[in-house]
Structure formats: C-alpha cells, structure tokens
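Asks: Now for the letters of each chain:
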Amino acid sequence: MKTDNLEQVETISENSIIDIMTHSDIINPHIRVEGLNLNIGENHILKDVNLSIPSKKITCIIGPSGCGKTTLLRSFNRMHDDSPNVKITGKIFVDDENIYDEKAQVISIRKKMGLLAQRPCPLPMSILDNITYGPRIHGAWNRRKLYATAKHYLTEVGLWDEVKERLRSSPGHLSIGQQQRLCLARGLAVEPEIILGDEATSALDPISTKKIEELFVTLKKDYTIVLVTHTLRQAKRIADYIAFMYMGKLIEFGTTDQIFNHPQKQLTKDYISGYFS
Amino acid sequence: MKLLEEKIFKALMLISAFVIIAVIGYILFTIVSKGIGSLTWDMISKGPGGGFYLGKEGGVLNAIVGSFYLVIGAVVIALFLSIPVTMYINFYLTKTSFFAKTVRFSFDILFGIPSIVYGAFGFAVMIYFGLKASLFGGIVVVGMLITPIIMRSLDEVARFIPRDLIEAPLSLGATKYEMIKILLRQLMPGITTAVLLAIGRGIGDAATVLFTAGYTDNIPTSLSHPTATLPLAIFFQLGSPIEEVQNRAYASALILTIIILILSLSARYFSRKLSKNKV
Amino acid sequence: MIRFRLFKDKTARLSMLGITILSLGFLLLIGIGLFYMSLPILREKETWKLLTSSNWKPFKGEFGFLPYIISTLHVTFIAIVIALPFSLLTSIYLTEYASEKIRNFFAPIIDLLSGIPPVIYGVWGTLTIVPFISEDIAPHFVEFSSGYSVLAGGIVLSVMITPLLISIFSEVFGSIPKEMREASLSLGATKWQTVKQIVLRKSLPGIVAAIALAVSRAFGETIAVLMVCGNIPIIPSSIFDACYPLPALIANNYGEMLSIPSYESALMMAAFLLFIIIVIFNASSRLILNRIERRYHV
Numbered sequence: 001m002k003t004d005n006l007e008q009v010e011t012i013s014e015n016s017i018i019d020i021m022t023h024s025d026i027i028n029p030h031i032r033v034e035g036l037n038l039n040i041g042e043n044h045i046l047k048d049v050n051l052s053i054p055s056k057k058i059t060c061i062i063g064p065s066g067c068g069k070t071t072l073l074r075s076f077n078r079m080h081d082d083s084p085n086v087k088i089t090g091k092i093f094v095d096d097e098n099i100y101d102e103k104a105q106v107i108s109i110r111k112k113m114g115l116l117a118q119r120p121c122p123l124p125m126s127i128l129d130n131i132t133y134g135p136r137i138h139g140a141w142n143r144r145k146l147y148a149t150a151k152h153y154l155t156e157v158g159l160w161d162e163v164k165e166r167l168r169s170s171p172g173h174l175s176i177g178q179q180q181r182l183c184l185a186r187g188l189a190v191e192p193e194i195i196l197g198d199e200a201t202s203a204l205d206p207i208s209t210k211k212i213e214e215l216f217v218t219l220k221k222d223y224t225i226v227l228v229t230h231t232l233r234q235a236k237r238i239a240d241y242i243a244f245m246y247m248g249k250l251i252e253f254g255t256t257d258q259i260f261n262h263p264q265k266q267l268t269k270d271y272i273s274g275y276f277s
Numbered sequence: 278m279k280l281l282e283e284k285i286f287k288a289l290m291l292i293s294a295f296v297i298i299a300v301i302g303y304i305l306f307t308i309v310s311k312g313i314g315s316l317t318w319d320m321i322s323k324g325p326g327g328g329f330y331l332g333k334e335g336g337v338l339n340a341i342v343g344s345f346y347l348v349i350g351a352v353v354i355a356l357f358l359s360i361p362v363t364m365y366i367n368f369y370l371t372k373t374s375f376f377a378k379t380v381r382f383s384f385d386i387l388f389g390i391p392s393i394v395y396g397a398f399g400f401a402v403m404i405y406f407g408l409k410a411s412l413f414g415g416i417v418v419v420g421m422l423i424t425p426i427i428m429r430s431l432d433e434v435a436r437f438i439p440r441d442l443i444e445a446p447l448s449l450g451a452t453k454y455e456m457i458k459i460l461l462r463q464l465m466p467g468i469t470t471a472v473l474l475a476i477g478r479g480i481g482d483a484a485t486v487l488f489t490a491g492y493t494d495n496i497p498t499s500l501s502h503p504t505a506t507l508p509l510a511i512f513f514q515l516g517s518p519i520e521e522v523q524n525r526a527y528a529s530a531l532i533l534t535i536i537i538l539i540l541s542l543s544a545r546y547f548s549r550k551l552s553k554n555k556v
Numbered sequence: 557m558i559r560f561r562l563f564k565d566k567t568a569r570l571s572m573l574g575i576t577i578l579s580l581g582f583l584l585l586i587g588i589g590l591f592y593m594s595l596p597i598l599r600e601k602e603t604w605k606l607l608t609s610s611n612w613k614p615f616k617g618e619f620g621f622l623p624y625i626i627s628t629l630h631v632t633f634i635a636i637v638i639a640l641p642f643s644l645l646t647s648i649y650l651t652e653y654a655s656e657k658i659r660n661f662f663a664p665i666i667d668l669l670s671g672i673p674p675v676i677y678g679v680w681g682t683l684t685i686v687p688f689i690s691e692d693i694a695p696h697f698v699e700f701s702s703g704y705s706v707l708a709g710g711i712v713l714s715v716m717i718t719p720l721l722i723s724i725f726s727e728v729f730g731s732i733p734k735e736m737r738e739a740s741l742s743l744g745a746t747k748w749q750t751v752k753q754i755v756l757r758k759s760l761p762g763i764v765a766a767i768a769l770a771v772s773r774a775f776g777e778t779i780a781v782l783m784v785c786g787n788i789p790i791i792p793s794s795i796f797d798a799c800y801p802l803p804a805l806i807a808n809n810y811g812e813m814l815s816i817p818s819y820e821s822a823l824m825m826a827a828f829l830l831f832i833i834i835v836i837f838n839a840s841s842r843l844i845l846n847r848i849e850r851r852y853h854v
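Residue numbers (my numbering), protein chains in the order written: chain C, 1 to 277; chain G, 278 to 556; chain P, 557 to 854.
So here's chain C without its partners, still in its complex pose (with noise of 0.2 Å):
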C-alpha cells in the first residue's frame, strides 16, 4: 500500500506543473508560491511547492500529519528565519513582492499576517495591553485611539461583552477559546490582510471551534484566509480553496467541490475517501 502511494507521488509530480496551470487562472493571487524547497538539515521537508492562494477566500491545505502543511504555512511569514539548520530555496510572493528577497523587511512581512497557533497565547500583559500591543510596536501611542481599536476588533470577534469588565486583568483566567479570540483580535489589531491558522481550533472545545470557524467566513470579505487543518470536515464545512499535500508535496488544488467530489488524483481521492490519514 505505502509503496503504491510512493509511486504515485513520484508519477504525480512529472504532473503536477501542469496541474498547477490549470488553476493559474485563479484571479490575482494574493500569495504566490513558486518552486518552493524547504530542507531541514538532511530531511527535505518541502518538494518544488507551487501554489497560488486566491484573495479574501479560505484555503485550507491538508494531508496527513508529517506532510509539511504547517512547515509550508510557517514559511509564509517566514517564521523560519530564527531554526536552525532550514534551508529554503524557490519564491513566495505576496502581493507581487518576494518575501524571501534579500531587500524583503521581515517585520514588515509580518505585519501583513496575523498568525493564529495551535493553542492561544496570551501575552504576559493585560487583555486591553495584548490587543494593543501590535499596534503599539508599530508606531500608534494616542491611547484614546487605542482603546478604540481593541474595542473595534474584540467586537468582531466577539469578545467585547465576555471581557469589557476586566479588560485591565490578566487573560489567563479567560477560557481557552476565548482566549484563542483574543489572540485573533490580537493579530487583526496590526491591519493585516492575510489570516494564517494553524491547525486552530484543534486545541478547542466544539462550541468554540464553531465560533472560530464562524469568525473565519465572516471575516473572509476582508482578509485573505489560509488554514492548515487535520480535519476533512473542517475543510468541507469552510473551505473556498482546498490544497492537498502529501510527504512534502502539492498533490492537487482546486474548489472544495472539486477536491471533495470530483479529486483528479488517486491519491487524493483515496485521502478523502479516508483510506489513510
């Protein structure tokens, strides 16, 4: 069985240029992937990625774990840059701009991203303070202007009646998808125009998983959404876009409907029908 998938992978990726063509007509991508390779000392983690995320859509990317879904998701923000031992050849474009230019100013990159982690972490500051706090590195100080923004972006998120109370405490005492709300509010604050979430609601209860994934489709008319989930159902449920990879390869990308009900690729069918995860 292992050794067929192995074939297949290697017959896909003669391919797989092509398939990425079809879906080169996908309306100004907001990241562009091209060529990517990412090695980790001897481990080469990611294969010759090439991809086009579409703008203020949702695209998921998913595959079994250990397929490099999350280390393809880091390297959008270039979280990257501080491991040791990562190599990464190829381009990402985001916004017709290379990030991994020389020229490229990484917290500048940053910026343009809000990160959301496997479990939410609160910064050591007050609810009010981790809101504000990208927008204060970043150069705002008018503290009237600030309270108004984290009362702008706990709103959209919906966390504005749970915590007006105690917007001075520690968020520690939050519940841990309130807190993950937090965190995303938190990376909204800095004006970002792309959402990055890694595997995010993994670590949440049902309900709070809902509310996230609610969040994500509302806030998909302003931002550009990429998700890595383990979750087929998750995708199915909120994805514009899926991506499928497979042991450090793009095996297909297409619609949701697409993927789920007409897959191009065997292997890709076989990973949706649930043969292997």
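Honestly, the hints are just simulated from the structure, not real lab data.
Among these hints, one or two may not hold up.
[Said to hold, decoys possible] As a list, the in silico EDC-like pairs of lysine to aspartate or glutamate whose alpha-carbon atoms are at most 16 Å apart:
| no. | chain 1 | residue 1 | chain 2 | residue 2 |
| --- | --- | --- | --- | --- |
| 1 | P | K605 | P | E618 |
| 2 | P | K752 | G | E283 |
| 3 | G | K458 | C | D129 |
Put chains G and P on the given structure of chain C with help from the hints.
Replies: Positioned in the frame of chain C, the structure of chains G and P alone reads:
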C-alpha cells in the same frame, strides 16, 4: 536476605535524612539560643558608640546598612551583565550553538570559583589602580561573585520559555528586541527568585569583602567610603576577648540568619508562583 | 519608524553580544591576572620547591606551600568522607523512596542549608564542634587538642557541601529514565536491588562529577574553615592538630603583606593555585554533567 538488605539500607537512608534535619535544627538552635540574649533594639537601630568594642553601647546598624548597600549595588551590576547574556544566548543563538555552549560553560566555571579568589583578585586589581578599600570596590567584587549565580538561574527559566510565546510577538511583526521585552515580563518571577538567592549569597559572604570593602563604624555616604558588612562584623567581634563583644557577635549572627531565612522563604514563594503562573 | 525600530533592534543585539563576549573574557582575565601577579615569585623560586617545601617564613623570604596544600587536602578529604554517605543515602531516599510530600518538605531545608552563610557555619563550629572535639573526642586519642583542628574544619565543611551533593545527586538520579527502573522491577528485583544495580551504576559518572564539584567547593571555602581550624602553618600529624588551608592563608595575610617583597606575589600564587585546581575540577565535572543532561533530557 534480599529483604534484610533492603531493610538495613532503608533504615540507613531514614537515619541520614533525619541527621541532616537534625543538623540544620542544631545550627539554628545554636545561633538563636546564643544570640537571642544580646539581641536588643539597640543592636539593629544604632551604629557602634564610643567603646563599643570594649563592650559599651551601640549596635551593628552600620554593618546591616553597609551590607544592604553593597548587595544592592552588586545586584544592579549582576543584572546589567546577566540579563543581556542570558537573552543573547537563549533568543539570538540556537540551542546547538557552540558559542552559547561556551558561554554557559564559562559561567558554570565562574560559578564554582570561590569567593576568596574573587576577593584576592579584586583587591590586587584595586591596588594596581591605586584604589583603597571602598563600598565601590566591594560592590564590584560581590557583583562578580553573584553574576554567575543570577545568570545560571535566569538561564534555567529562559530555556523553558514556550516556543509559542516567542513566536506570538514575532508573528505580530515585532523585532527581536521587542520580543525580548515581552519575554522579560514573563521571566519576572524567575528574575526575582534569582535576585533573592543572589542577595542571600552576597550578603553572607565574607571572603569577598574582607579586603575590598574595608570596615568602618560609619554608614557610608559615598561610593568611595569604606563600609562595614555583617559577616565581617560577626567575624571581628568574635575575635574579641571581651565576652560582651562576643555575645554581640552571636546577636549579629542571629540577625544575619534571620535575613537569610527571610530571603530564602521569599525566594521559594516566588519560584512557586513561577511554576503556577505559566500562561 | 521601521528604520528606527530596526536600528534599536540592531543596537540591542550588538550590545548584548558585546556584553556576552566581555563576560566570556572574564574567566580568562582572572586566570591571566592571577598568573601575572604570581610571576615574581615563580621567577625567583623554583615552582616545584615552592610546592614541596614546608618552610613558610615570609620575613626571610621563604615560601613553602606544602603545609597549606596538605591542610587543604586533609580538610577536604574528611569533609567528603563524612558528607558522602549521608548525602548519597538521603538523595536515594528522596528520589526513589520518599513521597511527594516528604520531598516538598525537604526541598526548603536543603535550600536553607545551602543558603546559610559561611560565617554562620563558622560561628556554629566554634560554639559546638570545637569544644566537642577538645572535650569529648580528642581526649580518647591524644593528650591535648584545642579543638581547633583538621577534624573541626572537616566536619563544618561536610555540612556545607552536603546540600550541593544532595541537589546534584538528586538531579543525576532523576535523569535516569523511569523505564529502566520499571524494567528491573518487572524482573522481580527489589527496590533496593534496582537502586543498586540500575540507578547507582548508571549514575556513576554523575556521582563522580558531583564529588568533584564538592571537592572544588571545599577547596575554596574560606571563612568557615578559617574560624575552626586553628591556622598554624605546620603539616598536621593527626586530625586533632591545627592546620592552615590555602584560602585561610590568603584571607589572614592579604592586605598586611605589602612591605615584604614577594609576599604579595606568594599569596597571589596561592590564589592562582586554588583557581587552577578549581577550574580543572569544575570543568571536568561540568563536562560530565552536561553530557548526562544531554543524554537523558532530549
């Protein structure tokens, strides 16, 4: 047979654990019972009066205050050195970096260097530059003594900062320097514990200040004045043939022990807080 | 704005790097400085003679370190012999047998024991150990002892190094994977057999390293030992004789020697000697301990 051996050794273990508790109890008991009789309000509220070293009135306020001045200055120096070093090797260098390992190793060794070597080295340097024993000299040498202590315990907590907390500010577009400012907040209880431990070490050490800080009956008013310290106050008074003075040495020892107890307890309190409050 | 932030970031990084490099040079600086300052006497006399002669007459320009070296070794040896069984047994008890509750009870006690300043140990030693030796122990063996002796120094020192030994032993034992113990227990070994065959055997390098650290700690301890060991520069012939370890030599004479040529240099050489020995002991034991940590923690 198997079980007999087990029983014998278990008994021995219990005995040795008990002996250790008994010894510390004995030490505390000795210090308290000897010192309590001469521990008067004057001891901690007055400096030495005329004829103090002949058994007349006065106290060791000069030494208490001197010790605190000294150790506070030393802590400032030590923090100024150890925070940047810890931050650099933990958050700018990778875990496998040879440079980071070398720095850690050198601090491990500095940690083991006895205070008398610091004291002698410091004094030799002071002579070389023509400096007299002074509060400043004492501060620098005690600072050298406690820098590795603070650095090592800071390093211990900095190593276990969760990766998420490092990445959260970075993903918002913070520079590394801005990220480190956030991490320092998280490390605050750890820093407090380290500082309290270091104060305990610094305030009780005699060999470093023996030559470098001098001794005086006055409370120092400038960095260039010599200063008295508690351990030396104990040491010198104990050397006196006059019983009154010796008793004061015991009282001073009790004062020092109480200070150490308070520091040790509050360090525990903060380190417990540290383990509970992980965000 | 961005440029200013990047500038601040760069400045911060460079100054941190600068301070780190500076602190790295510190150890070297102490070593070189002490060596430099002991050069005059090393030039004047033969090193080997300095180390093996027992004549210490600074006024006549004779500097034999042997009594001090021997004293240091004696006191350290006694301290280790006393402290080792107690701390070994206690740490086995704490890591292998004791309940969480007892461990939590012990932690602050060990902390306190290591936090008590040397001068307090010295006071305690003069008040209890010294008279105990001179009145109760020594009379059984020798005609007279003041109590200020090798034994007194050793006992006080043994109490001082116990917390260090216990905390490193506990760390070393704790680094042994649970599975190894369980494997042994599941073969029907008793707990003590497991401790003996698995834990102690596996921990041997760590135990050696801990002892080396304790030895270097004992070498350098000054005030407490100085207060109870009599400070007479002779080679002690029994453990009830007074002795004069190296740190005490420095502490008692430094500051008063400036008028005598070579005296300062001789004392600096004593400090250099201490420094070298302690660095070697420390470095080797840290290397062993670091390797243990790497093996099991990752």
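Asks: Hint by hint, note whether the structure agrees.
Replies: Status of the hints after comparison with the structure:
no., hint, in the structure
1, P/K605 <-> P/E618, "holds, 10 Å"
2, P/K752 <-> G/E283, "holds, 10 Å"
3, G/K458 <-> C/D129, "holds, 14 Å"
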